[in-house]
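There are 2 protein chains.
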Amino acid sequence: MFEQFLALIRKYEIIAIYRHVNSDFDALGSQYGLGQLIFDNFPEKKIVYMGASNPDLMSKMGIDFEQAVIENPSCTLGIALDTANLARLDGDNFEKLAATVKIDHHVVVESYAGLNIEFPEASSTSELIGEFYCACQKTLFLSKQAASWLYFGMVGDTNRFMYEATSTRTFEIAKVLLAAGIDKKAIYQAMYTRPKQELDILTFIYTHYQYRDGLAYYILSDEDLQHLGITRERGSDFVNTLANVAEFQVWMAVTENRAMHNWRVSLRSSGVPVQPIAVKYHGGGHCQASGATVSDLNELEALIQDLIEAIKEENKHASC
Amino acid sequence: MFEQFLALIRKYEIIAIYRHVNSDFDALGSQYGLGQLIFDNFPEKKIVYMGASNPDLMSKMGIDFEQAVIENPSCTLGIALDTANLARLDGDNFEKLAATVKIDHHVVVESYAGLNIEFPEASSTSELIGEFYCACQKTLFLSKQAASWLYFGMVGDTNRFMYEATSTRTFEIAKVLLAAGIDKKAIYQAMYTRPKQELDILTFIYTHYQYRDGLAYYILSDEDLQHLGITRERGSDFVNTLANVAEFQVWMAVTENRAMHNWRVSLRSSGVPVQPIAVKYHGGGHCQASGATVSDLNELEALIQDLIEAIKEENKHASC
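So the sequence lines, in the order shown, correspond to chains A and B. Counting along the first sequence from 1, when you hit position 260 you're at 260 in the working numbering, and nothing is skipped either side. Add 1000 to a position in the second sequence, counting from 1, and you land on the number used in the working numbering.
Think of the hints as simulated: they come from the structure by calculation, not from any bench. Even for Gly, the Cβ is constructed at its ideal location relative to N, Cα and C. Accuracy of the hints is not assured; some may be wrong.
[Unchecked claim] Some but not every residue of chain A turned toward chain B, in silico, with C-beta under 7 Å:
(1) 162
(2) 164
(3) 172
(4) 175
(5) 192
(6) 193
(7) 195
(8) 196
(9) 206
(10) 207
(11) 244
(12) 246
[Unchecked claim] Below 25 Å or equal to it, Euclidean Cα-Cα: the simulated SDA-like pairs (lysine to any residue) are:
(13) B/1312 <-> A/195
(14) A/60 <-> A/236
(15) A/185 <-> A/57
(16) A/175 <-> B/1167
(17) B/1144 <-> B/1002
(18) A/185 <-> B/1162
(19) A/60 <-> B/1163
(20) A/184 <-> B/1245
(21) A/196 <-> A/209
(22) A/175 <-> B/1184
(23) B/1196 <-> A/209
(24) A/184 <-> B/1271
(25) A/196 <-> B/1288
(26) B/1175 <-> A/160
(27) B/1144 <-> B/1131
(28) A/184 <-> A/40
(29) B/1185 <-> A/191
(30) B/1185 <-> A/275
(31) B/1196 <-> A/198
(32) B/1196 <-> A/300
(33) B/1045 <-> B/1068
(34) A/175 <-> B/1162
[Stated by the list, open to error] Anything over 10 Å on all C-beta distances counts as not near chain A; from chain B, calculated:
(35) 1047
(36) 1056
(37) 1057
(38) 1063
(39) 1066
(40) 1092
Turn these sequences into a full structure, and let the hints guide you.
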């Protein structure tokens, strides 16, 4: 399949690389890693990077953002990375292109391209771009820059080789990227360095979090968010400051959206299935990581009661 | 050299495996990983695990501690792991044994054994045991249990593939250990799960830490330590809760030892050389990670002034 992909790259003059909306390290890492890999090996081709800017991550990754336009869809190869379904693709015109490829590591929900390279068992799409390089190693050269972006993506999606999807192939690709001369230290520094202000947020969470019967959570009201100088989305990002605690079977972040008159809930669990409860409260997600929305603090209390019930249920089974 | 090591293992009936005092994940991981590897392949041999108990880490790693005695030194092969110099070896009689081997990844200061396998560029001694297995792969079998202990050691000493010593070989060995069927999730859970009480310590540090001119630090008096229910050593362990902050060029933990009438200082830096200052205050260590001792808070203030000077000096050079 990778040979077929390489043949398509050889065939087209213009190559537009897409990824999902709300880009993360893997979306950007696979996008710019693949783009650089193509550029290094086929410098005559025009690479177009699709999708909105993400100033924070792009600055960490050393990516220069340029607004991209596809001028001639009928001569362009489109590659969609890290995007399970077409609706989440960031950028227009994908369906109008001369040929299309999807490369993704999510559970397959929609095979929307001409060539679909789908490996749900891979740790990340960046790992799959690494696989592509390995498969075509005899004809392709991997530069330090391309390898660096792919490393950002792999580390981002595996939480530095921690999550379950980290496999022998992940370590093999990490080895190959390291051998390309990447500056691991600089990458980790870029990914992990936080501003002093972040400690104020941690302080707030650790001094205000609440704990009941296996459930730990923090609430950031609109006022708290303003006081801390962060967005609601950023407020939820800290949910895992309550992770890895023996007593906490479920942990969550609750952030207010005053404009929408509701509260966003980010749920995490070490085993208790939280997804059914998220569905009950206008949300969903994975078994142990879900999101939900409640309209007020009364509804939040109902959700909390449901979670405590689910924890009790889980513990009943565990002790059988 | 590994063939020579294997020949020694084959030759002796009793094999005593040592590691350094104040054991950590790598010391125990390499010790029990190698012991299990030998046991799996030569079940007729008697393996003796030397050194003091470490109930906390041993329970996390699933190690049953048994007080060991060497009954017949003249028939015993001794293997010292992860120990740079003989003075740091945990356990007696090493020099009286029939034959001795040292396997270590520290800077070579003392080659105290008959056969010295020293690779300072390796990430960990556990990685070196992995190298031994790889070198003798045709004749040795690697069990899940042996691989698990080695993985504990590699993750411990690299801070999960973060520290500089993580190399292509580290990823290669990680791949080999994973292929042996280890339960990565269970290992990470054992290593990272913390009691709820730890959040009280974090809360204390984040609400009490002080910041001056690039230097961040927290002080735990004897009273604070008692209040938090932790030892002085444990109090220093949290120094890296102040790591990875853009504004902090040096960060440190200061813990009181009332019985000794002094304060222990743990110093870390993102670039400023702190070792010379540690030496000035009865300590030493690495360029960016050192320890020191001050007799009172006045001397601490002098140390703080020296650190702020060192930060200024560093920034002067950096801006040239």
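Minimum Cβ distance from residue 172 of chain A to chain B below 7 Å?
-> Cβ of residue 172 of chain A sits 6 Å from chain B, so the hint holds.
Take the C-alpha atoms of residue 1144 of chain B and residue 1002 of chain B, compute the straight-line distance between them, and say whether it is at most 25 Å.
-> holds (21 Å)
Restraint check for residue 1144 of chain B with residue 1131 of chain B, where alpha carbons must lie at most 25 Å apart = holds (16 Å)
For the pair we were handed, residue 184 of chain A and residue 1245 of chain B, check the Cα-Cα distance against 25 Å.
-> Satisfied, since the Cα-Cα distance of roughly 18 Å is no more than 25 Å.
Would residue 1092 of chain B pass as off the interface with chain A, using Cβ distances and a cut of 10 Å?
-> Holds, since 37 Å exceeds 10 Å.
Does the nearest C-beta of chain B fall within a distance shorter than 7 Å of the C-beta of residue 244 of chain A?
-> Holds. Min distance 5 Å.
Quickly compare the C-alpha distance for residue 60 of chain A and residue 1163 of chain B to 25 Å and report which way the hint goes.
-> OK: residue 60 of chain A and residue 1163 of chain B at ~19 Å, within 25 Å.
Please confirm whether residue 1056 of chain B is truly not at the interface, meaning its C-beta sits more than 10 Å away from all C-beta atoms of chain A.
-> It holds; residue 1056 of chain B is separated from chain A by about 13 Å at its closest Cβ, greater than 10 Å.
Taking 25 Å as the top limit, are the C-alpha atoms of residue 1312 of chain B and residue 195 of chain A close enough?
-> holds (20 Å)
Grab the minimum C-beta distance from residue 192 of chain A to chain B and call the hint holds if it beats 7 Å, violated otherwise.
-> Cβ of residue 192 of chain A sits 5 Å from chain B, so the hint holds.
Would you mind confirming whether the straight-line C-alpha gap from residue 185 of chain A to residue 1162 of chain B stays at or under 25 Å?
-> holds (8 Å)
Below or equal to 25 Å on CA atoms is what counts here, so check residue 184 of chain A against residue 40 of chain A.
-> The given pair, whose Cα atoms are some 21 Å apart, holds under the 25 Å limit.
In this structure, every one of the numbered hints holds.
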